Amino acid sequence: MKVVVKLDSTKSKKKSFIAERSESISMKGHQKSQVKCDTDSVAGSMSQRACVFCGARVVLNPITDAIHLVHGPIGCASYTWDIRGSLSSGSELYRNSFSTDMKEKDVIFGGEKKLEQAIDELVDEYHPKLMFVYSTCIVGVIGDDLDAVCKKKSLQYGIEIIPVQSSGFIGNKAAGYRAACDAILKIIKPEETTSQAIIERKSNCKRVINYLGDFNLAAEAWIIQGYLKEIGIDINVTFTGDANYEALKKATDAELNIIQCAGSMTYLAKKMEELYGIPYMHISFLGIEDTKESLRRIAHFFQNIELEEKTEKLIAREESQIAKTLHWYKQQLQGKKAAIYVGGGFKAISLIKQFNEIGIEVVMVGTQTGRKEEYDTIADLATAGTVILDDANPSELEQFMTEKAADLLVGGVKERPLAYKLGVAFIDHNHDRKHPLSGFIGAVNFATEVHSTVCSPVWKYV
Amino acid sequence: MLDATPKEITDRKSGGMINPAKTCQPIGAMYAALGIHSCLPHSHGSQGCCSYHRMHLTRHFRDPIMATTSSFTEGASVFGGGANLKTAIKNVFNVYNPEVMAVHTTCLSETIGDDLPTIIKSADVPEGKLVIHANTPSYAGSHVTGFSNMTKGMVQYLSEATEETKKQQANIIPGFVNPGDMREIKRITEAMDIEYIMFPDTSGVVDSPMTGKHEMFPKGGTTISQLKDTGNSKATYALGSYASADAAYHLERKCKIEPIVLKTPIGIKATDEYVMALSNKFSKEIPKSLEEERGQLVDIMTDTHFHFHGKRVAVFGDPDIVIALTEYLLSLGMTPVHVLTGTPGKKFEEEVKEILAAAGIEGSNVKAAGDLFTLQQWIKNQPVDLLIGNTYGKYIARAEDVPFFRVGFPILDRSVHSYMPIVGYKGAMRLLEMISNALLERQDRDAAEEDFELVM
Ligand code: SF4
Ligand code: SF4
Numbered sequence: 001m002k003v004v005v006k007l008d009s010t011k012s013k014k015k016s017f018i019a020e021r022s023e024s025i026s027m028k029g030h031q032k033s034q035v036k037c038d039t040d041s042v043a044g045s046m047s048q049r050a051c052v053f054c055g056a057r058v059v060l061n062p063i064t065d066a067i068h069l070v071h072g073p074i075g076c077a078s079y080t081w082d083i084r085g086s087l088s089s090g091s092e093l094y095r096n097s098f099s100t101d102m103k104e105k106d107v108i109f110g111g112e113k114k115l116e117q118a119i120d121e122l123v124d125e126y127h128p129k130l131m132f133v134y135s136t137c138i139v140g141v142i143g144d145d146l147d148a149v150c151k152k153k154s155l156q157y158g159i160e161i162i163p164v165q166s167s168g169f170i171g172n173k174a175a176g177y178r179a180a181c182d183a184i185l186k187i188i189k190p191e192e193t194t195s196q197a198i199i200e201r202k203s204n205c206k207r208v209i210n211y212l213g214d215f216n217l218a219a220e221a222w223i224i225q226g227y228l229k230e231i232g233i234d235i236n237v238t239f240t241g242d243a244n245y246e247a248l249k250k251a252t253d254a255e256l257n258i259i260q261c262a263g264s265m266t267y268l269a270k271k272m273e274e275l276y277g278i279p280y281m282h283i284s285f286l287g288i289e290d291t292k293e294s295l296r297r298i299a300h301f302f303q304n305i306e307l308e309e310k311t312e313k314l315i316a317r318e319e320s321q322i323a324k325t326l327h328w329y330k331q332q333l334q335g336k337k338a339a340i341y342v343g344g345g346f347k348a349i350s351l352i353k354q355f356n357e358i359g360i361e362v363v364m365v366g367t368q369t370g371r372k373e374e375y376d377t378i379a380d381l382a383t384a385g386t387v388i389l390d391d392a393n394p395s396e397l398e399q400f401m402t403e404k405a406a407d408l409l410v411g412g413v414k415e416r417p418l419a420y421k422l423g424v425a426f427i428d429h430n431h432d433r434k435h436p437l438s439g440f441i442g443a444v445n446f447a448t449e450v451h452s453t454v455c456s457p458v459w460k461y462v
Numbered sequence: 001m002l003d004a005t006p007k008e009i010t011d012r013k014s015g016g017m018i019n020p021a022k023t024c025q026p027i028g029a030m031y032a033a034l035g036i037h038s039c040l041p042h043s044h045g046s047q048g049c050c051s052y053h054r055m056h057l058t059r060h061f062r063d064p065i066m067a068t069t070s071s072f073t074e075g076a077s078v079f080g081g082g083a084n085l086k087t088a089i090k091n092v093f094n095v096y097n098p099e100v101m102a103v104h105t106t107c108l109s110e111t112i113g114d115d116l117p118t119i120i121k122s123a124d125v126p127e128g129k130l131v132i133h134a135n136t137p138s139y140a141g142s143h144v145t146g147f148s149n150m151t152k153g154m155v156q157y158l159s160e161a162t163e164e165t166k167k168q169q170a171n172i173i174p175g176f177v178n179p180g181d182m183r184e185i186k187r188i189t190e191a192m193d194i195e196y197i198m199f200p201d202t203s204g205v206v207d208s209p210m211t212g213k214h215e216m217f218p219k220g221g222t223t224i225s226q227l228k229d230t231g232n233s234k235a236t237y238a239l240g241s242y243a244s245a246d247a248a249y250h251l252e253r254k255c256k257i258e259p260i261v262l263k264t265p266i267g268i269k270a271t272d273e274y275v276m277a278l279s280n281k282f283s284k285e286i287p288k289s290l291e292e293e294r295g296q297l298v299d300i301m302t303d304t305h306f307h308f309h310g311k312r313v314a315v316f317g318d319p320d321i322v323i324a325l326t327e328y329l330l331s332l333g334m335t336p337v338h339v340l341t342g343t344p345g346k347k348f349e350e351e352v353k354e355i356l357a358a359a360g361i362e363g364s365n366v367k368a369a370g371d372l373f374t375l376q377q378w379i380k381n382q383p384v385d386l387l388i389g390n391t392y393g394k395y396i397a398r399a400e401d402v403p404f405f406r407v408g409f410p411i412l413d414r415s416v417h418s419y420m421p422i423v424g425y426k427g428a429m430r431l432l433e434m435i436s437n438a439l440l441e442r443q444d445r446d447a448a449e450e451d452f453e454l455v456m
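Chains as they are written, first to last, in UniProt numbering: chain A, 1 to 462; chain B, 1 to 456.
FYI, nobody ran anything at the bench for these hints, they're computed from the structure.
Bear in mind the structure is a predicted one, so any value in this text is a computation, not a measurement.
Everything hinted at is true.
Here are the simulated lysine-lysine pairs, DSSO-like style, with alpha carbons at most 30 Å apart:
no., chain 1, residue 1, chain 2, residue 2
1, B, 167, B, 284
2, A, 434, B, 213
3, B, 311, B, 7
4, A, 324, A, 337
5, A, 153, B, 7
6, A, 103, B, 7
7, B, 284, B, 269
8, B, 13, A, 129
9, A, 206, A, 313
10, B, 13, A, 103
11, B, 367, A, 113
12, A, 129, B, 7
13, A, 151, A, 250
14, B, 219, B, 234
15, B, 346, A, 105
Examples of chain B residues lying across from chain A (beta carbon under 7 Å, computed):
no., residue
16, 23
17, 48
18, 55
19, 62
20, 63
21, 71
22, 91
Even for Gly, the Cβ is constructed at its ideal location relative to N, Cα and C.
Given the sequences, and given the hints that come with them, work out the whole structure.
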C-alpha cells in the first residue's frame, strides 16, 4: 500500500529546479518509484553535503587521548577544531587543532618532510600513545606517501601513528566514515590473532558489549551506559564517544556490537564480525519506542530471564516517570507539522517516529547521505503527500517547507537561520545540540526543545 | 581544557600549527562576494570546503549564507575542473538567477592549475549577467588575504574610469569587519556630508531583517553600477591595509584614483584619522554630531581610566583589527603584553612594535603567522589581566583563568555582535564597556567577602 510517486516538477509553483535533480525528489502517493540517492552532487547546486575528510574527522575526533593531525592547508583543520561537541571523562587532548599548515612550497616540493617534522614536534610536546594523520584534498593530488611517513615515525617512537586516507574529493562524507573505520580497525587489532585465543578470552568476559556510533554528544553515551549497567550489561568500548587508546585495545573482548549511527559504523561492525566473530545489531536510543525496543533486543540476545525481567522493570519505571510530562507536550503540539533534513537516513527514520510520539506529523523528509534501504523505510513510515528528497539544497527546502506549511524544521547548522528567516521553528539534531536526545530522558528533552521553539512568542512578531 | 600545553617554550621548526589563529582564503573571498548586491559566491573545488565555509559564516552571522560549489570528484582532479565550472555557471544562472557570480578557487583547483579566466571566457554566461573571479589558494595567506583578493577582483573586473573629471565621491573599502561596522563607517561618512561608494558592503545581506520570507538575494550589497562607478571617484579610503590596500592600489593603477590607506577605525586615534582624512580631501567641516560623540567618548575614557591603567592584555585576531585595537588599548593606559595574528606578514610585527615603542612599551611579544598554542605559552610565562580575541580564545581563558572578551572573526558562541559596531567613536564606547565589564566582573567574582563593593 505504501508507495511513492515521483514529484512532477512542472507542478512546482515557485521555482524551477536543476533538471538533473528531479529524480532525487519524490512525493509519497500512488505509484511506486525510488528516490535517486547515493550519487554525486550536481555542479552549481547548493549542496549541504560535506566531504570525505569531514566524515573521517567527525567519527575519529571523539577519541580523546589521540593527537588528530590534519595534513593539509590550514582551513581544513581550523573548521573542524572541536567541531563535534563530544564529551570526555579523561584526556582533553582531542580538543586541540593540529595542522601541518601546508604552504605553496610544500605543494610544489611535497609535504612529507614537513609532516615528519610536525610529528616529531607533537610527540615531543605531548608524548601521545596514539596519533591520527588525516590527508586532505591537496595531499591526495600531490601524492604525499602518508602510509610511509606514518610507518616510519611509528617505528621510531614506538607509538601508533595511523594514516587516515580522507582526501576530500574522493567521495562524500560516507567514504570518510569508511576511512575512519579502517583506521579504527588498525588500532583494535588484537596482539593474539588466533581465533582460539579470542574465543577463550571472550568466554572469560560476561555480558560485555561494544557501543558503536555514539559520539557522546551531551553525554549521551553515559546515559545508555547507565541503563545497560542497571540491567547487568557492561559497555566495553564506545566507538568513538569518550573512547581512548587503552579502551580501544580491548575492543575485541566484546560479545556483541550494538550500532546507533548506522551510516558511520555498519561497515566497522561487519568487519569485526568477519575478523573476530562478534555479532552486531542495529539499535536506536532516539525516541521512547526505539529505546524500549532496543533495550529488549539487547537483553534478549543474552538469553537470560533475569536480564529480561530487569529490563522490563527499568522500562516500566522510566516510562512512568516521563509519561505525564510527555502527555502534556503531546497535547500542546498535536497537529503541528515538521520537516526533517538531516545527515543520515537512520536518523531521519528515528525522527519520524519521535515526532509521531509527540503528536506531530512529518511532511518533508530529506537526508544528505541516506541509502536506498533507508529511503524505503522512510517511504513506509511517511504519510501520504510527504515529500522525500535526497541531497537537497536550500531553495528546495524552502519551497517544500512553505508548500507543506511546516511549523518546524529539524536540521543542522546551515538550516537553522534558513528556517528562522521563513518564520519556521527549528531544532538542532546535529553536532550543535547541547542536551542529550538519547534514551527516556532524551525523549523528554526532545519534546521540551520542540515545544520551546514551536510555541515561542517570537513567531507572533514575524 | 588546553591543560596539556607545556609552559616551556621550545623551538618549533616545522611551521605546523597548533590551534590556528587563522583560516583559509576562500572563506574571506566568500564573505567579500556577499557584499555585492545579488551576487552568488561560488567555490571552485570539492563540496567539503564550500560546506565548511558556509557553516562557519552561518555560525558567526546567524544568517543563511548562500554559495554554490563546483562539486569536484576524482575526475575533476585528474582532468581539471573546467567542465564542472561551466556546468555550474549554467545551473547557477538557470536556477538562482543572480546578477553576478563571484568564483573563488580552493586549494584543490589551484593545485591542479585550473585557469579560471579562460574557463569563464568560454562559458555560457547569459546576456547581462557577470562572472568575476579571484584566485584564493588556501596554502597562502589567510582568510584576510582571500577577502583582499576578492575585493581586488571586483576592481579588476568592474571598475571603469568613464568620466573626464573625478566625481566628488569617496570609495570606501571597509575591510573584513562585521556589517554593523560597515553601517557605522557609512553613518560617519554621511554625517560628514560626503558622497561615497562602499565596497564590499555586507550590511543588509548578512544582517538582513526578518520578513517571513527567505530572500536569496537580500536588499543590501554594493550594486554593479556602483562598482563600475568606483573608477570615477576622487579617492579610495582603504581601511586596514591587509584586507583593503591591494584593491585601492589596483584602482590607482587602473583608474588613477588616489589611494588613502588608513587603519581600521577602531579607537579614538584611528577614528580621528579617518574623519580628518575625509575632511581634508573633501574640504568638509566636522559636524557637531561627530564632535559630540567624540566628546562623549573622551568623557567616558576619563571617567574610567583608572580601571584600565597598567592592566596587562593579550590580543589576537586579524591583523587590521589587532593593530588598531592595540593602539586603542594603549590610549586607555593598558599594556599589550602579547600581540599575535595568524595571518602571515612581517609588516604586522613592525607596525605593532612601532605603536608600542611610541607609547614607551618594551619587551612585548609580537608575532605574525603565529598560533594560539604560542599565545597560551606566552601567557603561561607572562600572565595577563585580560585576553581579547575571537571565540577560540575561550579555551585559553579557561585554562589560564583569564577574563576574556570576544572581538573579531569568528565568534561562534555569542550572538548580536555582528550588528554592533566596534569602529568609530560609538564603537570605541562599546569596546570600553566590554573591557571594563570583563575586568570588573572578574574583580567582583574574586573579591573576598570584606572587599566586595557596591560602587566601583
Ligand atoms: S581544502 Fe583548502 S580550501 Fe578547502 S577547507 Fe581545506 S584549506 Fe580550505
Ligand atoms: S549519520 Fe549523522 S550522526 Fe552519524 S556521523 Fe553522520 S552526521 Fe553524524
